[in-house]
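Chemist: Residues per chain, in single letters:
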Amino acid sequence: MLDFQLRNVFAAAELEAGEAAPAITWVDLGSVLCDAVDSLKHFADSKSVKITLPFLQSGDSIVFPTDGEKLRVIAVNLIDNAIEYSHTGGLVEVHAEIRDDTLILAVKDEGIGLSDENRSHIFERFHQLDSGTMRQHHGQGLGLSVVKALVEFLDGWIKVESALGQGSCFTVGLSKGTVGEAFGDSFGGDLLIFGDGEES
Amino acid sequence: MEPRPDDVPKHFLNPCMIFVHRQEHLVSTVLGSCVSVCLWDPRMASGGINHYMLPLWNGEGLATPKYGNIAIDVLIRKMLELGCSKERLLAKVFGGGNVLNAGNGLFPIGDRNVAIAQDLLLQHGIRIAAADTGGTRGRKILFNTRTGVILMGKLGIEGTQPALPDGRPKNPNPFI
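Protein chains in written order, with my numbering: chain A, 1 to 200; chain B, 201 to 376.
Quick caveat, the hints were computed from the structure, so don't treat them as lab data. This one's a predicted model, so the numbers in the text were calculated from it and none came from an experiment. Possibly wrong hints are sitting among the right ones.
[Unchecked claim] Covered stretches of chain A, going by a simulated chain B footprint (3 or more residues, C-beta under 8 Å):
no., stretch
1, 10-17
2, 72-82
[To be verified] When the alpha-carbon atoms are kept at most 27 Å apart in a straight line, the in silico BS3-like pairs for lysine-lysine are as follows:
no., chain 1, residue 1, chain 2, residue 2
3, A, 108, A, 176
4, B, 210, A, 176
5, A, 176, B, 354
[As the list claims (entries may be wrong)] Only part of the chain B face toward chain A is listed, based on derived beta-carbon distances under 10 Å:
no., residue
6, 222
7, 341
8, 350
Glycine included, C-beta positions come from ideal geometry on N, C-alpha and C.
All chains, please: the whole structure from these sequences, using the hints.
Modeler: In structure tokens form, the structure reads like this:
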């Protein structure tokens, strides 16, 4: 868990410094998401929360060009959040599919859900549903702000469907990344040169 | 000995990123409504560049260089950390094309991205030595961080989305 929180702090620092670079490769979603679930197994077991990945049942592997490490951080945060706000013995479902060249990742829980007021604040840094010395939930309130920033960094979107007492579903859509070196020094058409000082 | 052009390290700058380096680099990026501010210190012969998508961070989520007010402040801070002097810094500003043609009468995103660069650089007392902004076409720039020289080409045809000349597929995100 410490490793997970540290990863969030490093990811936030990297993103805020403008030093987060996309490392786009063909990513096996089953592998990344199973790894994310495995890393939270102890936490899920401690609350007797069951995590399912129904998309794996078909047996077909889904590969998608994106940043696997950033996708893993996104998934771990969303699944950790779902476990955190699930009731004891609850169920968390992790769905993944590719629709119109977009990777759709959805993490659904049957937990306490969000009020309309809380929904508008959940992506703020260091915001948690409960705060103060009597708070019941772990973490620093950094996870969802990191998720949102990573999703936007990967040219994606995130939406939340939730009702108080009925659980939440966080859905992320990621556009296809471009695999390989993007640098190019060829120019089409007219070329302007801006010299070492004054306007040209 | 001057490094040959082929020996100069190359870097592609993605949106939301900042690149500052003491040593010479060729940095390229592709801009639609996004803006890049290039800063260069002639005495240090060092430069840095950002690439932001929206003008202002609204306080939600992380304060990343996706937003102009963050990207420009962080770029200046990194240049100063490198040993550059704010008084010597020269700025060049590119991008801010209104490639979306939304036509909704609002102050277009490209214009707002350029305006925040002008405002913040003025506040910091950094002179804009050159700029190529606005219009309806995308731009590709290549910045030599040692010489401060920037090559810029316009992309696509007037009034259309920018097409990338290096064979990469068009990015579906119109803000890039």
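Chemist: All the hints need checking, so say for each whether the structure fits it.
Modeler: Against the structure, the hints come out as follows:
1. 10-17: holds (count 4)
2. 72-82: violated (count 0)
3. A/108 / A/176: Since the Cα atoms of residue 108 of chain A and residue 176 of chain A sit roughly 23 Å apart, the hinted pair holds (cutoff 27 Å).
4. B/210 / A/176: With Cα atoms ~24 Å apart, residue 210 of chain B and residue 176 of chain A stay inside 27 Å; holds.
5. A/176 / B/354: Within the cut-off at roughly 25 Å; holds.
6. 222: violated, 15 Å
7. 341: holds, 9 Å
8. 350: holds, 4 Å
Comparing the model with each earlier hint shows violations of hints 2 and 6; every other hint is respected.
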